[in-house]
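Q: The chain contents come next:
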Amino acid sequence: MRAAALLLPLLLWAAPPARCLGETWPWGGGLFVESCGFAEAAFLPPAACLSAGLFLEPLALPAGNPAVFAGILLPVAPGQTGDLTLRAGLALTLFDARLPWLLRTFYAALRWSPAIGAGLLYRLDGAGLRFTLAASPLRLRAGDAIFTLCSPELLLDQWGGARGWGLVLFQAALFLF
Amino acid sequence: MKKGMHFPVWDGGCIMKNMGLALALLVLLSASCTTIPRDPGPERADLDFPGTRCADLGGLSFYFTGDAFLRRAEELIREARDYILIDSFLVNEDEKGKQVFELLRARMQQGVRVYLITDASSGFVPGRTGIPFLVRMGIPVAEFNPMRGSRLARLPLFVYRDHRKFWIVDGEKILLGGQNIWTTSLASPEQAGNTDSMVEFRSAVACRELVEAFVRQWNSYSMDKLHAGDFAVRPGPGTGDSRAWLVHQDGQAVARRMFSRLFDLAREEIWLIQDYTMPDRAVLRRIRRLSEAGVRVNILFSGAYSFLDKFHYATGYRKSALIRAGARLWEYGHPLSHLHYKAVIVDGRWFGIGSVNFNFRSAWLSKELNLVLEGRDQGQPMLENLAYLASHSRPITEEEAAGYRGTKYFLYYLLLFLGG
Numbered sequence: 046m047r048a049a050a051l052l053l054p055l056l057l058w059a060a061p062p063a064r065c066l067g068e069t070w071p072w073g074g075g076l077f078v079e080s081c082g083f084a085e086a087a088f089l090p091p092a093a094c095l096s097a098g099l100f101l102e103p104l105a106l107p108a109g110n111p112a113v114f115a116g117i118l119l120p121v122a123p124g125q126t127g128d129l130t131l132r133a134g135l136a137l138t139l140f141d142a143r144l145p146w147l148l149r150t151f152y153a154a155l156r157w158s159p160a161i162g163a164g165l166l167y168r169l170d171g172a173g174l175r176f177t178l179a180a181s182p183l184r185l186r187a188g189d190a191i192f193t194l195c196s197p198e199l200l201l202d203q204w205g206g207a208r209g210w211g212l213v214l215f216q217a218a219l220f221l222f
Numbered sequence: 002m003k004k005g006m007h008f009p010v011w012d013g014g015c016i017m018k019n020m021g022l023a024l025a026l027l028v029l030l031s032a033s034c035t036t037i038p039r040d041p042g043p044e045r046a047d048l049d050f051p052g053t054r055c056a057d058l059g060g061l062s063f064y065f066t067g068d069a070f071l072r073r074a075e076e077l078i079r080e081a082r083d084y085i086l087i088d089s090f091l092v093n094e095d096e097k098g099k100q101v102f103e104l105l106r107a108r109m110q111q112g113v114r115v116y117l118i119t120d121a122s123s124g125f126v127p128g129r130t131g132i133p134f135l136v137r138m139g140i141p142v143a144e145f146n147p148m149r150g151s152r153l154a155r156l157p158l159f160v161y162r163d164h165r166k167f168w169i170v171d172g173e174k175i176l177l178g179g180q181n182i183w184t185t186s187l188a189s190p191e192q193a194g195n196t197d198s199m200v201e202f203r204s205a206v207a208c209r210e211l212v213e214a215f216v217r218q219w220n221s222y223s224m225d226k227l228h229a230g231d232f233a234v235r236p237g238p239g240t241g242d243s244r245a246w247l248v249h250q251d252g253q254a255v256a257r258r259m260f261s262r263l264f265d266l267a268r269e270e271i272w273l274i275q276d277y278t279m280p281d282r283a284v285l286r287r288i289r290r291l292s293e294a295g296v297r298v299n300i301l302f303s304g305a306y307s308f309l310d311k312f313h314y315a316t317g318y319r320k321s322a323l324i325r326a327g328a329r330l331w332e333y334g335h336p337l338s339h340l341h342y343k344a345v346i347v348d349g350r351w352f353g354i355g356s357v358n359f360n361f362r363s364a365w366l367s368k369e370l371n372l373v374l375e376g377r378d379q380g381q382p383m384l385e386n387l388a389y390l391a392s393h394s395r396p397i398t399e400e401e402a403a404g405y406r407g408t409k410y411f412l413y414y415l416l417l418f419l420g421g
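Read top to bottom, the protein sequences are chains H and L.
Quick note, the first sequence lines up with residues 46 to 222 if you use this note's numbering.
Quick note, the second sequence lines up with residues 2 to 421 if you use this note's numbering.
Nothing false has been slipped in among the hints.
Beyond 12 Å from chain H on every Cβ pair, some chain L residues (computed):
hint, residue
1, 41
2, 54
3, 238
4, 281
5, 305
Each pair of labels, with its calculated beta carbon distance range:
hint, chain 1, residue 1, chain 2, residue 2, range
6, H, 137, L, 225, 20 to 26 Å
7, H, 145, L, 59, 43 to 49 Å
8, L, 153, H, 206, 35 to 41 Å
Just a few of them, taken from the derived set where beta-carbon distance is under 10 Å, the chain L residues facing chain H:
hint, residue
9, 132
10, 141
11, 144
12, 146
13, 147
14, 154
15, 155
16, 219
17, 221
18, 225
Honestly, the hints are just simulated from the structure, not real lab data.
Beta carbons: idealized from backbone N, C-alpha and C, even for Gly.
The whole structure should be built from the sequences, with the hints applied where relevant.
A: Structure follows, in C-alpha cells:
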C-alpha cells in the first residue's frame with residue numbers, strides 16, 4: 046500500500062504531461078516545497094527542515110482568496126528521519142497588488158500577494174501536535190507560481206499557549222492543475 | 002507509531018525498491034506511447050481527419066523563405082487595425098527579432114493591441130532571449146512553462162514545451178508554420194537563414210479556436226488576464242466546402258494521428274520534409290508496411306546544420322533502419338541553410354504544414370499546430386517548392402547511412418528522442 050501511495054503521485058507527476066497536465070485557467074492547485082526551521086526543541090529538533098506537499102486554491106478570487114495545503118515536513122540537516130511531521134492548514138491571500146518595480150526586477154508580471162495562515166504540525170510518531178499562525182508579507186505571485194520569503198510562524202500548543210516560533214525561509218508553490 | 006520507529010518510506014532500500022517500480026512503470030508507460038499508432042486505421046477514405054475541420058478556409062498563401070515571411074509579417078503588422086496575437090516557440094533579441102519587436106511597439110503606440118507568448122526554450126538557444134527586450138519595450142509577453150531554479154520542483158514537466166508558431170491578426174488572418182522570431186528563421190537562405198515555411202489563411206473556425214487557446218495559455222502564465230470575447234473574430238471567406246483541418250495539439254496527442262491518417266490515405270507516394278525524423282519501431286513497421294504495399298516513402302533531411310549539428314547525429318542513427326524499412330532518404334544540398342521546414346505531402350493530394358516534427362517529442366511532449374489541406378489546387382505551391390527542394394537534393398545511400406551508427410549518433414538519438 047505504501048509503495049502504491051508513493052508510486053501514484055510519482056507517476057501522475059512524471060507521466061507525459063500532454064495527456065494529463067497542461068496549463069489551465071483558473072489554476073486549481075499544485076505542489077509546494079519549502080525550506081523552514083523551528084525554535085521549539087520540545088517538539089522538533091533544532092534542524093533545517095524541508096517540507097513538500099500539495100495545495101488547492103479553487104476560487105481564484107482577487108482578494109481574500111483561500112487555499113488549503115497538506116504535506117510532510119522532515120528535518121534534513123542534521124537528518125532526523127524519525128521526526129517526520131504532517132503539515133496542513135489554510136492560507137488566505139489578502140490581495141494581489143501590482144508593483145511596477147517588480148516588473149523591472151524580474152521581467153515577469155509579478156504581484157505582491159501577502160497572506161496570513163493557520164495550520165497544524167502533527168508528529169507522525171504521535172509525539173505531539175502544534176498549531177501554527179503565520180504571516181507572509183514577502184509573497185509574490187506569478188501566473189503559474191507563488192513565492193514566499195521569510196514567513197514567520199507562531200507555534201501554539203493544544204490549549205492556545207505560545208510554545209515557540211518558526212520561519213519559512215523560502216517556499217515555492219507551483220500550480221500544476 | 003512509536004517515537005524512533007522506522008518509517009519505511011525513508012528507508013534507503015525501500016526508496017530504491019519503490020523507485021525501481023516507478024521506473025519500470027514509466028518505461029512501460031513510455032513504451033505504450035509510440036510516435037505513430039501501431040496499426041493503420043480502417044480502410045475508409047471518407048473518415049474525417051483528426052483536428053478541426055475549417056470548411057470556411059480561404060485566402061491561402063505560402064512563404065518558403067525567412068525573408069519572404071518577414072516581408073509579409075511586416076506588412077501585416079503595419080496593416081493591423083485592432084489586435085495581433087503571436088505565439089512563437091522562440092523569440093530572440095537579435096537583428097531580425099528586434100526589427101519585428103520595434104515595429105510591433107510602433108503599432109501598439111498607435112492603438113493596436115499586441116500580446117506575445119513564447120516558450121521558455123528561448124533562453125536555451127544561442128543568442129539572447131527576447132523576453133527582457135520585450136518587457137523593456139512595453140510589449141506584453143508571457144513565458145510558457147518557465148525553466149528556472151524557482152520552478153525546480155516541476156522538473157519533469159520542463160520537458161513539455163509549446164512548439165507552436167502562429168500569428169493572428171485582427172481575428173481574420175492566421176499564419177502558422179515553422180518560423181520563429183529570430184534571425185535564424187527570418188534571414189534569407191543566402192544569409193544562412195533556415196529553409197522554412199509559413200502558411201497564411203483566413204478561417205473564422207480556426208481563428209476562434211486559436212484565440213481561445215491563446216487566451217487560456219496567456220491567463221495561465223501572466224498576471225494580466227485577458228478575455229477571449231475581447232478579441233473579435235471575423236467571418237471566413239470560404240464557401241463552406243473547403244477541405245482543410247486545423248490539427249491543433251493542445252493537450253491531446255493528435256499529431257501522431259495526423260501522420261497515421263495521412264499514411265492510411267497514401268496509395269503512391271509520401272514525401273516527409275522532416276529533418277528531425279527520429280523513428281521508433283512503430284514508425285519503422287509502418288514504413289515497411291507502406292513500402293510493401295507499393296507506396297514510395299521519401300524523407301528529406303537537411304544537409305546544413307549550423308548550430309544544430311546535434312540533430313545530424315540524432316537523426317543519423319536511424320537512417321540505416323529507415324532505408325532497410327524501404328524509405329528513400331534525401332539530403333537537401335543548400336550549403337548554408339538548415340532545412341527547418343516541416344511538411345508531409347501524400348500522393349500530391351494531401352498536404353500537411355506547420356510545426357509538427359515526425360518524432361516522439363512532437364507526438365507527445367509538445368504543443369503543436371499544423372494545417373492539413375486536401376486537393377492539388379490548394380497545395381500546388383507546396384508541390385512546386387517540393388520540386389525545387391528535390392532537385393537540389395541527393396539520395397542518402399545505405400553505405401553512408403551505415404556510417405551513422407556510432408556511439409555518438411546513438412547517444413544523441415537517446416538524448417534528443419525526448420529532449421530534442
